[in-house]
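Student: Next come the chains, spelled out residue by residue.
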Amino acid sequence: MTADVLEIDDALAQYDPVMGLEVHVELNTKSKMFCGCPTEFGAPPNTQTCPVCLGLPGALPVVNRRGVESAIKIGLALNCEIAEWCRFARKNYFYPDMPKNFQTSQYDEPIAYNGWTEVVVDGETYRIEIERAHMEEDTGKSTHVGGATGRIHGASHSLVDYNRAGIPLIEIVTKTIEVPGEKAAAVARAYVSMLRDLLLALGVSDVRMDQGSLRCDANVSLKPSGSTVLGTRTETKNVNSFRSVERAVTYEITRQAAVLSAGGKVLQETRHWHEDTGITTSGREKSDAEDYRYFPEPDLVPVAPSREWVEEIRASLPEAPSLRRVRLQEEWGFTDLEMRDVINGNALELIVTTVDLGVSPAAAKKWWLGELARAANESGKDLGELGISPTDVSNVQARVDKGELNDKLARQVFDGLLKGEGTIDEIIAARGLALVSDDSALIEAIDRAIAANPDVVEKVNSGKPAAAGALIGAVMKDMRGQADAAKVRELLNAKLGI
Amino acid sequence: MPSITREEVAHLARLARIELTDDELDHLAPQLDQIITWVGQVSQVAADDIPPTSHALPLTNVMRADENVPCLTPEQALSGAPAAEEQRFRVPRILEED
Amino acid sequence: MSDLIRKTAAELAELMTSGQASSVEITQAHLDRIAAVDADVHAFLHIDTEGALAQAAAVDTRRAAGEELAPLAGVPLALKDVLTQEGIPTTAGSKILEGWKPPYDSTMVKRLKAAGIVILGKTNMDEFAMGSSTENSAYGTTHNPWDLGRIPGGSGGGSSAALAAYEAPLAIGTDTGGSIRQPGAFTGTVGVKPTYGGTSRYGLIALASSLDTPGPCARTTLDAALLHEAIAGYDPMDSTSIDQPVPAVVAAARNGDVAGLRVGVVKELGGEGYQPGVEARFHEAVELLTKLGAEVVEVSCPHFQYALPAYYLILPSEASSNLAKFDAMRYGLRVGDDGTNSAEKVMNLTREAGFGAEVKRRIMLGTHALSSGYYDAYYGQAQKVRTLIARDFENAYHQVDVLVSPATPTTAFAIGDRIDDPIAMYKNDLCTIPSNLAGNAAASFPCGLADEDNMPVGFHVMAPVLRDDLCYTVGAALESALAEQWGGVLMTKAPELEVTR
Ligand SMILES: [Zn+2]
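Protein chains in written order, with the UniProt record's numbering: chain A, 1 to 498; chain B, 1 to 98; chain C, 1 to 501.
The set of hints was computed from the structure by calculation and includes no laboratory data.
Predicted model only: the values in this text are computed from it and were never measured.
A few of these clues could be false.
[Claimed, not checked] Footprint (simulated), chain B over chain A, 3 or more residues, beta carbon under 8 Å:
#: 1; segment: 150-160
#: 2; segment: 302-312
#: 3; segment: 323-334
[As the list claims (entries may be wrong)] Among the chain B residues that face chain A by a calculated CB cut under 7 Å, a handful are:
#: 4; residue: P2
#: 5; residue: S3
#: 6; residue: A46
#: 7; residue: S54
#: 8; residue: R64
#: 9; residue: C71
#: 10; residue: E86
#: 11; residue: Q87
#: 12; residue: R90
#: 13; residue: V91
Even glycine gets a Cβ: it sits at the ideal position worked out from N, Cα and C.
Turn these sequences into a full structure, and let the hints guide you.
Tutor: Here it is as structure tokens:
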């Protein structure tokens, strides 16, 4: 018997994966795409419907202008061309949660097309080509009754709530993505994660993945290493978290590799992702292949966004997150590795604000990714939830810069802040953390150190000035850390004549 | 050769979700064949360089502001439902029994 | 019998303004007439006695209080059963919608109510407006009041028959390929298809979205114009609605001056296949227009010959998609929900049981025409033919102001005559369809009786987009000249219906 899946390394040794990603994002418009019903999540069933979104006989759609505007925003942010003229089309198929039994969508005339974006994985930048972004509407939501725990299989009947029907969706489709096999899954994850950040920055969606407002379908196929012949692809539906995207792509690579290496054929099919078991299963497609019979929606007229409108929208776009990162990294002088740590540590926005308050980028990074990240880690909180603000960091660092604190004392100040011991001044006073800047006290301590360590003085005098470090350490210890090490070195050097 | 076969008509009926009887198929297939041949004469019109018309009048950019309007009450929404349960439309099982 | 039912809408409005009759009296007179003759005519599917009288009483109250009312306030009307009216059964002539009461008013009904027009009930029609005879109604055929053995035309046969049977002075129809004009012609009444987008489709149960146009039906040109003005105009709920002023149709109907008007007789709409009596009355009417000062020329529209096949690709394609919503899940008929059948099976069984033969035929045809591999050859090509037909009109309107033709090739035929010959049935709409494809205004006006069968003949006027007023100009001129010859409008020649109550 052959294994269901190969080890990922074995799979990638024989095959190169090719991916395509389709992401559906629900917009955060106030009203639905074609009617004035609200779009609130979690409202009681069938309280947000009207003749239009219920598909009642006679009702007609009217396009939501903000839905179009959001689609253009997304298109521009993904470096797409914006159609001068495009139409909606009907995608005809029957399903109980679809009120009209056609989905109003776009077919061969999407509003945005031919774009690109970039993602960074392990310091490498990968360019992802965008095929299109188009407008469509969501379906209602079914609850399955009478089977095991709400599953559609084995249910006796279903209950449909049409509150979600007609909520605007943008479908973003990539061209085929070919990256080194070992990076494929991570690139897929990074792409979806990048989209999340982008959509948030654009303000067009709340991107609540837990509420299904961003949903991903992953197409995966394999070709023998080095070959240019594309394999048969599968479409894995509803992969709805960053981690699942990575896992599902990896799973499909290992599953298809097992099928192919056993001499089998990959079936072109829809597959379902199971979050709990981490596998995909066949969607058992019907023998009668769907024929969607697309045609231009006759109840709507073409959308022809004027170039003035498009430019107005372009001018209002926030800086693209990916470009912003590149700019900040350059301004801050961080290495790729440092920048990745900043991003992975969710510290980017905190550092931006801290730097804006006058702190050097290096110092800001040192605190947020050092002492504070450790504290966050220990308490299981996010950096932003620690109760330490960029202003606190800036105030502490200002005292370090003035020589009132050194790093060691500053760490104690943060400890005090985290423990809620009061303001920075109160903590310094209560813990007695001020640096000793009185030269005579330092000279006394230096004298004591020299007297106590004649062997070290001997080494220094015999031409090994580096040995003086031990004396500095002794002085600092004597001063219980409350001395400026640079000042101590300066005075010590004068004393020893080096 | 007919422009559409009985099997094709049966396939169309499945696509269109109509459970046609055998008698209906027998009757409809030749009728559709006749109609399709007749309407097929549009393909004789030389129109390669002619743009298609989907709307009688060339309107564009008909859009509404993103504003809410009152909804139906759930009672109104469900008033025509053949079956309802828990303020939802009750529909038969979606998958065929295994 | 009350003579109120013989009055025109304009006359009834005048009686109410001058205090000689109340809306309740007028409404009751028409309800009585319906009760007396509709068993034979079968124009109505639903009669809203209570609602109509309440509406009439409300108008009377407002009038008594000195309120400024719209011109047709208090006049009764028959509404085609394809337009939604809140709480009133709306079936579109189909079993699949039996018993459905819409929870909302169509824009048409909102405007009628706002104008104080009293809605008597819903009229019979071919199922989902697919047909030219009302024989495709799931609720029985309507009979032509001129000859109860004949069809009244379709799909809006109920609305036109109601006018010809004096059951209502006004009616609303919808015209996708001639469903207002052809029944108008067959019943000796006036039927106007406004410019597409001139009247709102919101709440009109769609047949072919890019063709459907609601419009007025009446016994006189002026009545049709008054109703036209009450129902037309921009509606933000319909994306294809035109945001421009309503053409001055009432002024045109009152004026009716064709002196200097350039009239084009469409060469292709006549000759073989046209009944001699139809052609004779048509040509006499053209001569009459010449006498009234119109400049008549012959005009060629070479692509009109492809209008019918193009229409029978576009209509079924759109209809197959529009009718997909009738699936037994949210409203209407549900068949086979026995606890074991799947949703798909229930949909299949319901649509099999709920749709009639013609509806199934057209859904299948449309499904085929939109299928992958056929789209370009069928739907795509038909849309190009549509462009060519629009260009024929455009070229013609460089030479003339309006085009004219017979409204139909024949007069009303006997019930059952063409029931299983779809293509013969489709040919009824030869003259009317080009205007649906191009979206321009068109209307049918009575122009006499054919010698062969003494049945009414319709005179068809096609005016440019948003020049609906020109239809009324020609209609009014013809109507008054003919009335002079006949000593009244054509309807006065209609045989008395036997009162069965
Ligand atoms: Zn709605």
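Student: Does each hint fit the structure? Answer for all of them.
Tutor: Structure-based check of each hint:
no. : hint    : result
1   : 150-160 : holds (count 9)
2   : 302-312 : holds (count 4)
3   : 323-334 : violated (count 0)
4   : P2      : 20 Å, violated
5   : S3      : 18 Å, violated
6   : A46     : 23 Å, violated
7   : S54     : 5 Å, holds
8   : R64     : 5 Å, holds
9   : C71     : 5 Å, holds
10  : E86     : 6 Å, holds
11  : Q87     : 5 Å, holds
12  : R90     : 6 Å, holds
13  : V91     : 4 Å, holds
Of the numbered hints given earlier, the model fails hints 3, 4, 5 and 6; all others are met.
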